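Top to bottom, those sequences are chains A and B. When the first sequence is numbered by our numbering, its final residue is 474 and no position is left out of the sequence of numbers. When the second sequence is numbered by our numbering, its final residue is 503 and no position is left out of the sequence of numbers.
Keep in mind the hints are simulated off the structure, nothing from the lab. None of these values were measured; they are calculated from a predicted model. Heads up, the beta-carbon is just placed ideally off N, CA and C, and yes, glycines get one too. It is possible that part of the hints are untrue.
Said to hold, decoys possible - Okay, derived cross-link-like pairs now, DSS-like style, lysine-lysine, Cα gap no bigger than 25 Å in a straight line: (1) B:112 <-> A:262; (2) B:259 <-> A:264; (3) A:259 <-> B:112; (4) A:218 <-> A:341; (5) B:96 <-> A:259; (6) A:259 <-> B:-2; (7) A:218 <-> A:158.
Said to hold, decoys possible - Over the 10 Å line for every Cβ pair with chain A, so calculated as not near, a few chain B residues: (8) 50; (9) 62; (10) 220; (11) 497.
If you want the building blocks of each chain, they are given just below.
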Amino acid sequence: MIKVDGISKHFGRIKAVDTISFEVQDQDNLILLGTSGCGKTTTLKMINRLIEPDSGNIYINNKNIFEQQPEVLRRSIGYVLQNNGLFPHYTVAENIAIVPQLLKWDKKKIEARTAELMEKLHLDANYLHAYPNELSGGQQQRIGLARALVSNPPVLLMDEPFGALDNVTRSNIHKEFKALDELKRKTIVMVTHDVQEAFELGDRICLMDKGKIVQSGTPAELLFNPANEFVEGFLKDQRLQLEFKAVRLRDLWGLLPELYQDQLNSSSLSSDIDLWAALESFKFSNEEIIRINKDQHTQKLVSFEQLMSAFYQYKQAMA
Amino acid sequence: MMEHQQTLFEFMGQQADKLAMQTLQHIGLTFISLFIAVLIGLPLGIFITRKVKLSGPVLGVAGILQTIPSIALLGFMIPLLGIGARPAIVALLLYALLPIIRNTYTGITGVDAAVKEAAVAMGMNKWQVLFKVELPLAMPVILAGIRTATVINVGVATLASYIAAGGLGEFIFGGISLNNTNMILAGAIPAALLAIIFDFLLSRVQKLNFKKIKAGAYGIPVLLALLSSFYFIPSAYGGKLTAGFTPEFMGRQDGNLGLESKYGLKIHTIVISDAVMYKAAFEKQLDVISGYSTDGRLKAYDLVVLDDDKVIFPPYYAAPIVREESIRKFPDLEKTLNLLAGKINDSIMTELNFRTDYLHQTPERVAKDFLETNKLYKPSREGNAGIIRIGSKIFGEQYILANMYSMLIKGYTDYDVSTKTGLGGTKICFDALTNDQIDFYPEYTGTGLLAILQASPATVTRVTKNKDSTYNYVQQEFIKRYQVKWLKPIGFNNAYALMMRKQQAKNLNIKTISNLKRYLNSR
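Isolated chain A (complex conformation) (with noise of 0.2 Å):
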């Protein structure tokens, strides 16, 4: 758990960060999400103290930050930059390994544990002894990823982390980062500007501006209860598809009908993923129904009328 309070920073007579106190549950996902200057990139590094607060606590596991050695304190915490940070004169694995060689690991304990990484993030064995200026900017960020997870510290800090990405390859890595069994274990905080991207990662977000928190709370809390006009405005663009991310089919569950009939051709998804992944799902034929599995045990079988009934009945009772 990391519990940031009441923590200051000026640059100047610049106030960066002003007063902000908020708090990251064990394997939560927040989101730091702003503008750019709104002191969101300058909070997160204050965790990892790259950047020292002028006044302020920020305690990990109950630990006051500031009490610990800061190189001790970094290589507990793993980090991933916008543009990767790659060393480029250290090959893929010798990058990988940096935290661990700090740590002092033995030679094979890293080894496997990168080729473990490397398959994990699906990058190929061969890449191993390629230098970053040779791999493409998806395959440079997973390295980075795979930097920041080699050491399994608790926490991993994110800094715009898919923000120098195309279009294509950063919603590809965004599926693989849902789907990384890695990430669902860790404490995450990630800064972002693209609102998309932080309903699509986040549990939780906090809405940053001028250096003070405007709002947090879940996707759907801020979407659904603003605070002000301003979180209105900051969520307004393709508020649709914003919708459609905030809510997850766990949210919908009690709205579904019960329905028992079993179809052998449908395709099955997890109750975890948000509405917007669930109607991608769907290939528009008639009659078409998909499977939605809570648990082992518990199924609905749901079409889409039957499933945007659902949304709907779920928006009215959330205004």
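Using the hints provided, position chain B relative to the given structure of chain A.
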């Protein structure tokens, strides 16, 4: 001329020992200074990336050092560090500093900020960031700086010979003084090759991939240290006394070659420019120097001329040389010029030179004082019976003589005078005379014999037995060939000479060059 012209390869073959030694010295000088410059410049460059406020002043000072002309910088070093290797190395290292500091600074500040941030964020401490990230990534730029510094140093190191630090400059500047093209090339070609070779090798190092540079980072200091040690190999000998000879003296038959062949003199010798030679002797950094017997600094620094008892230095008696046509045109000229004949001996000339060169009195004043003391001075008659054009070469003694002649002509005749002083060298002066640009100038018998007549060695040996035979020979030949007349000698002999400090010569009981040789051979 009439004999077989020596080729460059013959010269290099003949001088192979010297060439090898100078080349090693050159490499040594270049790399000792480079090594120290890297030791200072690299940490300083790193330091100013941490204290950016200091980067302006540090780079500014290094930049100013770079703009000081090399000769001037070497000159500044002499009062501080004397002569020899030390000032040369310091001067060279100051030149090498700027490219190294600047490229280190540029290289490190040019490392991608995201990469540095990643390094810190992964938990590297500042030393790990420096050695694992910043230096390896900045290395190509830093090496480019070292490469620039190396090429600069190879070039500037040729000047080190001016302050007796050796190197290929000995041949280059010796060759220039002696007008010996082979000698110039024997120094210049290896120096150029060194620059090209080192530049090439360093460019290869630069292109090595990042991995190998990590190993190279340790290899380069070792290599630098190794190359630096070259300097000490040739200079690992010494002697009882140390001689400092000009590059010109080193290569002349009536110089060091004659000392070796006729006297069998073997002395630990370093090559040095005559601008600093006298002072170095005075400051006991040198014991024996090659100078000119009427140089004012002889007196200023309390030196004594050793007697040339086997006569290897040809006589350089000074006398005015006049166009025959001018003698006919100005009938009173010859006897007026001869008023000075036999009036100035070596010690008087030295004294007069001392007053201009060292006390910085004007040549006019020195000339007038002398004429008045000797009751030769007469006020100008303001005559206008014709203009006599006086020439002189570009050094103090000639200025004094030209002024004396000018005063005598104005005082004793009705002619007016125009002086064309400061004619660059013997050739310029003599050409002006034969082309009717001037009527006369003071010349030296030895110069007439060797530089103008370019007499064969056999003739030189024959006619330099005594001062009169030399004078008679040049007088005859000049009339015959150029219709130029040598008037009566003024009296002094401005010849090459070996000199020592008066006190030391007295203590060691050395009066002649043979005495010197005997002392050196004794145990």
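Right, here's what the structure says about each hint:
1. B:112 <-> A:262: With a Cα-Cα distance of about 19 Å, the restraint between residue 112 (chain B) and residue 262 (chain A) holds, given a limit of 25 Å.
2. B:259 <-> A:264: violated (72 Å)
3. A:259 <-> B:112: holds (16 Å)
4. A:218 <-> A:341: holds (17 Å)
5. B:96 <-> A:259: Judged against 25 Å, a Cα distance of about 21 Å means the pair holds.
6. A:259 <-> B:-2: violated (57 Å)
7. A:218 <-> A:158: Given pair residue 218 (chain A), residue 158 (chain A) holds - Cα atoms ~10 Å apart, limit 25 Å.
8. 50: Its Cβ never comes within 10 Å of chain A, the nearest being 37 Å, so this holds.
9. 62: holds (46 Å)
10. 220: holds (57 Å)
11. 497: holds (64 Å)
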